[in-house]
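**Q** The lines below spell out each chain.
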Amino acid sequence: MASYRLDDLAQRVGGEVRGDPDRLVRGIATLEQAGPDELSFLTNVRYRKAAAESGAAAILVGSGTELAGCDLLEAKEPYVALAQLLELFHPQRTMQAGISPDARIGRDVLLGQDVRVGPFAVVGDGCELGDRAVLEAGSVLGEACRVGCDTRLGPRVVLYDGTEVGARCIVHAGVVLGGDGFGFATSAGKHRKVPQVGRVVVEDDVEIGANSCVDRAMLGHTRIGRGSKIDDLVMIAHGVSIGPDSLLAGQAGVAGSARLGARATLAGQVGVSGHLELGEGVTVAAKSAVFQDLPAGAFVAGVPAFDHARWRRSQALCKRLPELRNQLRELRTRLTALEDRLQGED
Amino acid sequence: MASYRLDDLAQRVGGEVRGDPDRLVRGIATLEQAGPDELSFLTNVRYRKAAAESGAAAILVGSGTELAGCDLLEAKEPYVALAQLLELFHPQRTMQAGISPDARIGRDVLLGQDVRVGPFAVVGDGCELGDRAVLEAGSVLGEACRVGCDTRLGPRVVLYDGTEVGARCIVHAGVVLGGDGFGFATSAGKHRKVPQVGRVVVEDDVEIGANSCVDRAMLGHTRIGRGSKIDDLVMIAHGVSIGPDSLLAGQAGVAGSARLGARATLAGQVGVSGHLELGEGVTVAAKSAVFQDLPAGAFVAGVPAFDHARWRRSQALCKRLPELRNQLRELRTRLTALEDRLQGED
Amino acid sequence: MASYRLDDLAQRVGGEVRGDPDRLVRGIATLEQAGPDELSFLTNVRYRKAAAESGAAAILVGSGTELAGCDLLEAKEPYVALAQLLELFHPQRTMQAGISPDARIGRDVLLGQDVRVGPFAVVGDGCELGDRAVLEAGSVLGEACRVGCDTRLGPRVVLYDGTEVGARCIVHAGVVLGGDGFGFATSAGKHRKVPQVGRVVVEDDVEIGANSCVDRAMLGHTRIGRGSKIDDLVMIAHGVSIGPDSLLAGQAGVAGSARLGARATLAGQVGVSGHLELGEGVTVAAKSAVFQDLPAGAFVAGVPAFDHARWRRSQALCKRLPELRNQLRELRTRLTALEDRLQGED
Numbered sequence: 313m314a315s316y317r318l319d320d321l322a323q324r325v326g327g328e329v330r331g332d333p334d335r336l337v338r339g340i341a342t343l344e345q346a347g348p349d350e351l352s353f354l355t356n357v358r359y360r361k362a363a364a365e366s367g368a369a370a371i372l373v374g375s376g377t378e379l380a381g382c383d384l385l386e387a388k389e390p391y392v393a394l395a396q397l398l399e400l401f402h403p404q405r406t407m408q409a410g411i412s413p414d415a416r417i418g419r420d421v422l423l424g425q426d427v428r429v430g431p432f433a434v435v436g437d438g439c440e441l442g443d444r445a446v447l448e449a450g451s452v453l454g455e456a457c458r459v460g461c462d463t464r465l466g467p468r469v470v471l472y473d474g475t476e477v478g479a480r481c482i483v484h485a486g487v488v489l490g491g492d493g494f495g496f497a498t499s500a501g502k503h504r505k506v507p508q509v510g511r512v513v514v515e516d517d518v519e520i521g522a523n524s525c526v527d528r529a530m531l532g533h534t535r536i537g538r539g540s541k542i543d544d545l546v547m548i549a550h551g552v553s554i555g556p557d558s559l560l561a562g563q564a565g566v567a568g569s570a571r572l573g574a575r576a577t578l579a580g581q582v583g584v585s586g587h588l589e590l591g592e593g594v595t596v597a598a599k600s601a602v603f604q605d606l607p608a609g610a611f612v613a614g615v616p617a618f619d620h621a622r623w624r625r626s627q628a629l630c631k632r633l634p635e636l637r638n639q640l641r642e643l644r645t646r647l648t649a650l651e652d653r654l655q656g657e658d
Numbered sequence: 313m314a315s316y317r318l319d320d321l322a323q324r325v326g327g328e329v330r331g332d333p334d335r336l337v338r339g340i341a342t343l344e345q346a347g348p349d350e351l352s353f354l355t356n357v358r359y360r361k362a363a364a365e366s367g368a369a370a371i372l373v374g375s376g377t378e379l380a381g382c383d384l385l386e387a388k389e390p391y392v393a394l395a396q397l398l399e400l401f402h403p404q405r406t407m408q409a410g411i412s413p414d415a416r417i418g419r420d421v422l423l424g425q426d427v428r429v430g431p432f433a434v435v436g437d438g439c440e441l442g443d444r445a446v447l448e449a450g451s452v453l454g455e456a457c458r459v460g461c462d463t464r465l466g467p468r469v470v471l472y473d474g475t476e477v478g479a480r481c482i483v484h485a486g487v488v489l490g491g492d493g494f495g496f497a498t499s500a501g502k503h504r505k506v507p508q509v510g511r512v513v514v515e516d517d518v519e520i521g522a523n524s525c526v527d528r529a530m531l532g533h534t535r536i537g538r539g540s541k542i543d544d545l546v547m548i549a550h551g552v553s554i555g556p557d558s559l560l561a562g563q564a565g566v567a568g569s570a571r572l573g574a575r576a577t578l579a580g581q582v583g584v585s586g587h588l589e590l591g592e593g594v595t596v597a598a599k600s601a602v603f604q605d606l607p608a609g610a611f612v613a614g615v616p617a618f619d620h621a622r623w624r625r626s627q628a629l630c631k632r633l634p635e636l637r638n639q640l641r642e643l644r645t646r647l648t649a650l651e652d653r654l655q656g657e658d
Numbered sequence: 313m314a315s316y317r318l319d320d321l322a323q324r325v326g327g328e329v330r331g332d333p334d335r336l337v338r339g340i341a342t343l344e345q346a347g348p349d350e351l352s353f354l355t356n357v358r359y360r361k362a363a364a365e366s367g368a369a370a371i372l373v374g375s376g377t378e379l380a381g382c383d384l385l386e387a388k389e390p391y392v393a394l395a396q397l398l399e400l401f402h403p404q405r406t407m408q409a410g411i412s413p414d415a416r417i418g419r420d421v422l423l424g425q426d427v428r429v430g431p432f433a434v435v436g437d438g439c440e441l442g443d444r445a446v447l448e449a450g451s452v453l454g455e456a457c458r459v460g461c462d463t464r465l466g467p468r469v470v471l472y473d474g475t476e477v478g479a480r481c482i483v484h485a486g487v488v489l490g491g492d493g494f495g496f497a498t499s500a501g502k503h504r505k506v507p508q509v510g511r512v513v514v515e516d517d518v519e520i521g522a523n524s525c526v527d528r529a530m531l532g533h534t535r536i537g538r539g540s541k542i543d544d545l546v547m548i549a550h551g552v553s554i555g556p557d558s559l560l561a562g563q564a565g566v567a568g569s570a571r572l573g574a575r576a577t578l579a580g581q582v583g584v585s586g587h588l589e590l591g592e593g594v595t596v597a598a599k600s601a602v603f604q605d606l607p608a609g610a611f612v613a614g615v616p617a618f619d620h621a622r623w624r625r626s627q628a629l630c631k632r633l634p635e636l637r638n639q640l641r642e643l644r645t646r647l648t649a650l651e652d653r654l655q656g657e658d
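Chains as they are written, first to last, in my numbering: chain S, 313 to 658; chain Y, 313 to 658; chain R, 313 to 658.
Hints may be right or wrong, so weigh each one.
Said to hold, decoys possible - Capping the alpha-carbon separation at 25 Å, the derived lysine-lysine pairs in PhoX-like fashion look like this:
| # | chain 1 | residue 1 | chain 2 | residue 2 |
| --- | --- | --- | --- | --- |
| 1 | Y | 388 | S | 505 |
| 2 | R | 361 | S | 388 |
| 3 | S | 502 | Y | 388 |
| 4 | R | 631 | S | 631 |
| 5 | Y | 505 | R | 388 |
| 6 | R | 505 | S | 388 |
| 7 | S | 361 | S | 388 |
| 8 | R | 361 | R | 388 |
| 9 | Y | 502 | R | 388 |
| 10 | Y | 361 | Y | 388 |
| 11 | R | 502 | Y | 631 |
| 12 | S | 631 | Y | 361 |
Unchecked claim - So the derived list for chain Y, only partly shown, Cβ under 7 Å to chain R, looks like this:
| # | residue |
| --- | --- |
| 13 | 416 |
| 14 | 417 |
| 15 | 421 |
| 16 | 452 |
| 17 | 497 |
| 18 | 500 |
| 19 | 506 |
| 20 | 507 |
| 21 | 525 |
| 22 | 565 |
| 23 | 571 |
| 24 | 583 |
| 25 | 615 |
| 26 | 618 |
No lab work stands behind these hints, which were simulated from the structure alone. All values derive from a computational prediction rather than experimental measurement. Even glycine gets a Cβ: it sits at the ideal position worked out from N, Cα and C.
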C-alpha cells in the first residue's frame, strides 16, 4: 500500500497539519485499531477519550479541535476529508467487464461499452444498459428496463418491467424496484386489486441499501430524486416522489403518493403517511411518524410528529407525569382544606 | 390502444355520465399528466385543485362530487370503478408458458397445464404447481411445496420445504415463506434453538409485497387467510393466523402466535405482540403497537394501543403538556398566595 | 415415526411424570391438534383452557403447574425440554453433500469436507468453506469470504467481499451481509459517499432471520457476537457490535457504531441510535427507541426509552390526560371561586 506524508494528505483535502508534516501514513484505521503509520479521525466528541489513547500516527479533526499529544490533520469539513482520504487509500476496484456465459440476455437489448453482467443474471427483452453498468450475480431485470452509465446493481437486485435507474447509482443486494403498489378497492369487505401500471424512476447518483423496496406507481411514476441516498430495508410506496439530495435512514417508510421536497432527512424507522407534502429541507427525528403536511425547513419528532423542540419538552413532561399527577393531587388537598376552613368560617 | 366513449365506460362500471357522453377516452392518467383523450380520477379531496386544473378528457368521481368545467364519470364506488377501468385499458399480459431450460426441476414434481418456470428457478422434489402457475426467474422452492392455479411468484421468491400457496395469489420479488420462526429456549444465558417443524399455509387470493417474510410455525402452521393483502417488508412470525380479507400495510409486524380476525387492518409500521387475539374488523392506526387482546371492531392507536378517539385527545394534550404544567404552577402560586393570606388573618 | 414411553421422555429431559409413565408418545403437536398418541405443552398461562380441552396423550408443563385430568411431563425448564423433544422427534435432515454442477466456484476456493453448494450459487475467488457448510440455491459469496464448519446459508443469501461467518450458524433466505454502510459526508447540500472498507464478522452459533441486513463497517468490522440470535427484517448498521448471546426480534434496527453488551434483548421493532453503549443484559421493550447510553441490566421502554416500570406509569397517565386536564380545570374553577369570595370580603 502506498504511503503519504501528512502534509501531502493535508494538501489533498485542503487542510492543515498541526504537528509533524513529515509523518508517514500508510493507511486509515479506527481510533482503537490504528497503528503508528496509520491515520485515524475524530469527528464525534463521544470518542475524545479514545482519540487521546489512540496509537495512530496522526488524527484527522475539525478546525479548532484541541487534542494534546498527537499530530493532527485539521480540516474544515473533516468527514468530507475522511471520504477523500478513504478514496485515496482504497480506490474502487474496477470490476472486469463482460457478459457471463451463465447470464441470460433477452432480445433487443442495448448493451453499452464495458458492461458487466454476472452469472445467473437475467436481462429482459428491450432493456438498455449504459456504459460500464454492472449487474452482479443473480440480478433480474424485467422487460424494457434502463440502467444508466456507471451504475452498479448488487447481487440479486430485481427491476420489474419498465424500471429506469439513472447514471452512477449504487443499488445494493436484494433491492426490489417496481413491485406492485399496495392498491386495493374494497367493496363489501373484499379487496379488488387496482392494477399498478405506472413505473419506478430512479434518477442519477442515487444509492439504495440492501433489501429496500420501491413500488411502481398506479399511474405515472414513483420517483427517487437525483443524489438521494436510501438505507437498508426502506419502503417507498407507489406514486411517492422523493426530492433530490434526500437522506432516508434504515427501515424508514413513505406511504403512497407522499411528496418529499429536496434535501429531506428521514431518520431511522420514520414513517410518512400517504398523500402528504413535505417542503424542502424537512428533517424527521428517528422513530417518528408524520401525519400532516410540513413546511420547508421543519424539524419534527413524535407520533404524530410536531416541532422537535416542543416535542422534547413534551416528552420530558410525559416522563414526569406521575409527579405532575401528584402535584395535582396535593393542590386539590390543599384547596379542599382551604374551602373547608372558609366553609367553617361561614 | 383502444378507445371508448365515456358513456360506454360508464355502463361498464355501473356509473353515470355528467357531461358529454360521446367523449372519446383512449387511456387513464394522473390528474397532472392526463391529456384531452385520457380519463383521470378524483378519489381524495386533497386533489380537488389538481382536478380543477387537469387537462383530462373527463374525470371519474364519487357520487355527488361537484367539479365545474369538466365532464364527469360518476360512480358509487369510484375506486372500484377505477380498478375496473384500469383492467380494461391495461389487460394483464399473459406470460408465455413453458419451463426454462435453465430451471432445475426436482423429482416427482407435479406440473399443471401451461405452467411457466423462469430461468435459474429451482423446484424441489415432490412439489406441485397448479395450472398456469408462474415461477419467475431465480425462485427457489424447497421440497414438497404446493403452488395453486394461476398463482404467480415473482423473481427470487423463496418457499421453504412444505410451504403451501393457494390459487390466484401474487407473491412479489424477494418474499420468503417458511423460514424458521424465532424460537429459542434460554437456559443459563444461552439460547437453544427450538426446532421449527410446522409450515406456512397461504390461502387463495392472497397478495404479498416485496421482501416480506412469513415464518413457519414451530408446530402446526402459520396461516394467511383467503383474500388477505400484505404490503412490502411485512413480517409475520411463527404460528400467526391472519383472518381472511385482512390488509397489512408496509413494514407491519405480527409476533408469534397472534391471531387476527377477518378483515383486520394494520396500517404502516404497526406491531402486534405475540399470543394476542384480535377480533374481526379490528383497525390499528399507523405506527401503533398492540399489546393486549382487542374486541371485534376496535379502532386503536398508540403505544400501547387504545381507543383511537381517546388516543387523539390524549396526544393533543401530550403536545400541550408544557402549558398544562404552567397552568399547574400558576394554580400553585395562586393557592399559596391564598394560604398565606389566610395564614396572615389568623 | 418412533414411539417413546412418557417416562422415557421424562428421563431424556430430566423431568418427571405425573400420571401414567407408560403412555406411548409418537409425536408432538399443538394443544388444539394433538391426538391421543401425541405430546403437547403448556408454557404460557394464556393457553390453560386449551390445555384443559386438549386431546393430547400428555402435556409438558413447568414444575408445579396444576392441570387436572391429564398425564403430565413436568420439567424445570419446560421450553428447553420442548426443544430437546422436538429434536428427538424431528432430527435435522442431513443435506446431501456435493457441489451442484450448476454452481459457479471461483479460483483459489478452499472447500472443506462434505460441503454442499446448491444450484446457481456463486462462490467468489479466495473463499473458504468449512466442513459440512451448506450454501443453498442462489446464494452469492463475494471474494475472500469465510464460512465456518456446519454453517448453513439459506437460499439467496448474499455475502459481500470479505464477510466472515463462524461455525454452526444458520443464515436464512435473503439475508445480506456486508452491504455498504450508510455513510455520506454532506457538503453544500450534496452527499458524498464515504467508502465503506471494513467488513462483517459473524461469530459462531449465530442465527439470522430472513431478509435481515448487516452492513459492513466503514473501517474495522461490524460484529455479531457468538450465540446471538437475530430475527427477520432486522437491520444492523455499519460498525455496530452486538454482544454474545443477544436476542434481536423482528424488524429491530441498530444504528451505526452502537455497541450492545452481552445478552442484550431488543424486542420487535425496537430502534437503537448510533454511537450508543448499552451495558450487559439490557432489555428494550417492543417498539421503543433508545436515544442514550444504558447501564448494565437496564429494562427500558418508550420513545425515547427510559425505565420500564416508570414508562408504564407514565403511559397509563398519558392515556388519562383528558381526565387530568379536567381535574386541573375544576381546581382552577374552585380556586377562582375562593379568590372571588375573599376578594369580596376585602
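**Q** It remains to establish, for every hint, whether it holds in the given structure.
**A** Hint by hint, here is what the structure shows:
1. Pair hint residue 388(Y) plus residue 505(S) holds up; C-alpha atoms about 18 Å apart against a cutoff of 25 Å.
2. Simply put, residue 361(R) and residue 388(S) have alpha-carbon atoms about 68 Å apart, too far for the 25 Å limit, and the pair is violated.
3. Of the pairs offered as hints, the one joining residue 502(S) and residue 388(Y) holds, with about 16 Å between alpha carbons and a cut-off of 25 Å not exceeded.
4. Restraint check for residue 631(R) and residue 631(S): satisfied, since their Cα atoms lie roughly 13 Å apart, inside the 25 Å limit.
5. Restraint check: the Cα-Cα separation between residue 505(Y) and residue 388(R) comes to about 18 Å, which is no more than 25 Å; the hinted pair holds.
6. Pair hint residue 505(R) plus residue 388(S) holds up; C-alpha atoms about 18 Å apart against a cutoff of 25 Å.
7. Proximity of residue 361(S) to residue 388(S) is assessed by CA-CA distance (about 22 Å); at most 25 Å being required, the pair is judged to hold.
8. For the hint linking residue 361(R) to residue 388(R), the alpha-carbon distance of about 22 Å falls within 25 Å, and the restraint holds.
9. Restraint check: the Cα-Cα separation between residue 502(Y) and residue 388(R) comes to about 16 Å, which is no more than 25 Å; the hinted pair holds.
10. The suggested pairing of residue 361(Y) with residue 388(Y) holds, with an alpha-carbon distance near 22 Å, which does not exceed 25 Å.
11. Using a Cα cut-off of 25 Å, the hinted pair residue 502(R) and residue 631(Y) is violated, with the two alpha carbons roughly 34 Å apart.
12. About 43 Å separates the Cα atoms of residue 631(S) and residue 361(Y), which puts this hinted pair outside 25 Å; it is violated.
13. Hint status for residue 416(Y): holds, given a least beta-carbon distance of 5 Å to chain R, under 7 Å.
14. Because the smallest distance between the Cβ of residue 417(Y) and any Cβ of chain R comes to about 11 Å, over 7 Å, the interface hint for this residue is violated.
15. Given hint, residue 421(Y) at the interface with chain R, is violated; its Cβ is 15 Å from that chain's nearest Cβ, farther than 7 Å.
16. With a cut of 7 Å, the hint placing residue 452(Y) at the interface with chain R holds, because the nearest CB-to-CB distance is about 4 Å.
17. Hint on residue 497(Y) holds. Least Cβ distance to chain R is approximately 4 Å, under the 7 Å limit.
18. A hinted interface residue such as residue 500(Y) counts as satisfied when its beta carbon comes closer than 7 Å to some beta carbon of chain R; here the least separation is about 9 Å, so the hint is violated.
19. The closest approach between the C-beta of residue 506(Y) and any C-beta of chain R is roughly 4 Å, which is under the 7 Å cut-off, so the hint is satisfied.
20. The interface hint given for residue 507(Y) holds, since its Cβ lies 4 Å from the closest Cβ of chain R, which is under the 7 Å cut-off.
21. Below 7 Å, beta-carbon pairs count as interface contacts, and residue 525(Y) has one with chain R at about 4 Å; its hint therefore holds.
22. At a threshold of 7 Å, the smallest CB-CB gap from residue 565(Y) to chain R is about 5 Å, leaving the interface hint in force.
23. A hinted interface residue such as residue 571(Y) counts as satisfied when its beta carbon comes closer than 7 Å to some beta carbon of chain R; here the least separation is about 11 Å, so the hint is violated.
24. Taking 7 Å as the C-beta contact cut-off toward chain R, the hint placing residue 583(Y) at the interface holds, the least distance being around 5 Å.
25. Nearest Cβ of chain R to the Cβ of residue 615(Y): about 5 Å, under the 7 Å cut. The hint holds.
26. For residue 618(Y), the interface hint holds, the least distance from its beta-carbon to any beta-carbon of chain R being 6 Å, beneath 7 Å.
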